[in-house]
Amino acid sequence: MDMIQQRSSEILVIIPAYNEEATLLRTISELKRHTPYDFVVVDDGSKDRTPDIIKREGYPSLRHAVNLGIGGSMQSGYKYADQNGYLYAIQLDADGQHRPEDIAKLVDEIKASRCDMVIGSRFVELSSYRGSALRRSGILYFHWLVRMLTGVRIYDPTSGFRIVNRSTIEQFSKSYPTDYPEVEVLVSLSKRGCKLKEISVEMRNRQGGSSSINWSKSIYYMMKVTMFSLIRKSFS
0 MDMIQQRSSE
10 ILVIIPAYNE
20 EATLLRTISE
30 LKRHTPYDFV
40 VVDDGSKDRT
50 PDIIKREGYP
60 SLRHAVNLGI
70 GGSMQSGYKY
80 ADQNGYLYAI
90 QLDADGQHRP
100 EDIAKLVDEI
110 KASRCDMVIG
120 SRFVELSSYR
130 GSALRRSGIL
140 YFHWLVRMLT
150 GVRIYDPTSG
160 FRIVNRSTIE
170 QFSKSYPTDY
180 PEVEVLVSLS
190 KRGCKLKEIS
200 VEMRNRQGGS
210 SSINWSKSIY
220 YMMKVTMFSL
230 IRKSFS
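All letters in the sequence shown, in the order written, are residues 0 to 235 by numbering that gives the first Met the number 0.
Just so you know, nobody snuck in bad clues.
Restricting the straight-line Cα-Cα distance to at most 20 Å, the calculated cross-link-like pairs of lysine to aspartate or glutamate (DMTMM-like) are:
#, residue 1, residue 2
1, Lys-194, Glu-108
2, Lys-31, Glu-201
3, Lys-54, Glu-20
4, Lys-31, Asp-107
5, Lys-104, Glu-9
Pairwise CB distance ranges (calculated):
#, residue 1, residue 2, range
6, Arg-134, Ala-111, 26 to 32 Å
7, Asp-47, Gly-150, 38 to 44 Å
8, Gly-57, Leu-139, 41 to 47 Å
9, Asp-47, Asn-204, 15 to 21 Å
10, Lys-31, Asp-1, 16 to 22 Å
11, Gln-4, Asn-204, 28 to 34 Å
12, Arg-135, Ser-28, 27 to 33 Å
13, His-33, Gly-150, 32 to 38 Å
14, Lys-190, Pro-35, 31 to 37 Å
No wet-lab data here; the hints were simulated from the structure.
We put the beta carbon where it would ideally sit given N, CA and C, even for glycine.
With the sequences and hints as input, model every part of the structure.
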């Protein structure tokens with residue numbers, strides 16, 4: 000059952016969550032400590048205790064009966080943001096990799112720059128983030144793919160730590176890639192002439208649970224995103 004809230008801010012933090020019982024409480028506790036903004040948890044058909052935690056804590060939430068993936072979760076969040084008139088929406092992953100204390104930097108930058116999207120980046124400046132060799136290789140590959148297709152330099156194209164403005168919320172509420180959307184979205188927005196910017200943030204390793212990405216899924220991810228990015232470029 001969906002649990003909704005009355006809007007009290009111009010900014011909505013969207014927290015997609017799939018089987019995040021180990022980290023959800025800490026993530027939202029940090030969010031409340033560092034920001035005054037509204038938030039909604041999108042429970043993407045979790046099979047662990049995530050729904051029980053949401054219900055017990057009374058978190059504003061949307062629930063999918065089945066797992067739709069990160070793209071489906073984010074589109075549900077953007078639809079919620081659009082319907083409730085939010086001016087900005089932020090993606091904050093439930094696994095603890097994104098630091099809520101950095102949200103203020105994203106908010107300040109999008110208001111000052113009037114960009115359509117501001118991305119929290121691990122690589123636009125030197126940071127403490129290292130990550131696995133597999134992950135870093137994939138990020139470098141997608142950096143060059145986005146640059147080749149759009150001419151835009153995005154050094155952390157797979158970062159999900161992002162803020163978008165009202166017009167982008169409206170666009171995403173209508174159309175959003177279904178899974179692994181981060182790179183496709185950059186290509187689509189760039190070809191529409193939208194203004195994108197990266198700013199430096201610190202990110203942590205996953206604070207609990209396990210990633211759904213392994214070697215075989217990474218290969219599928221790279222092939223799928225490349226194909227659909229090329230299609231989006233062709234039809235933009």
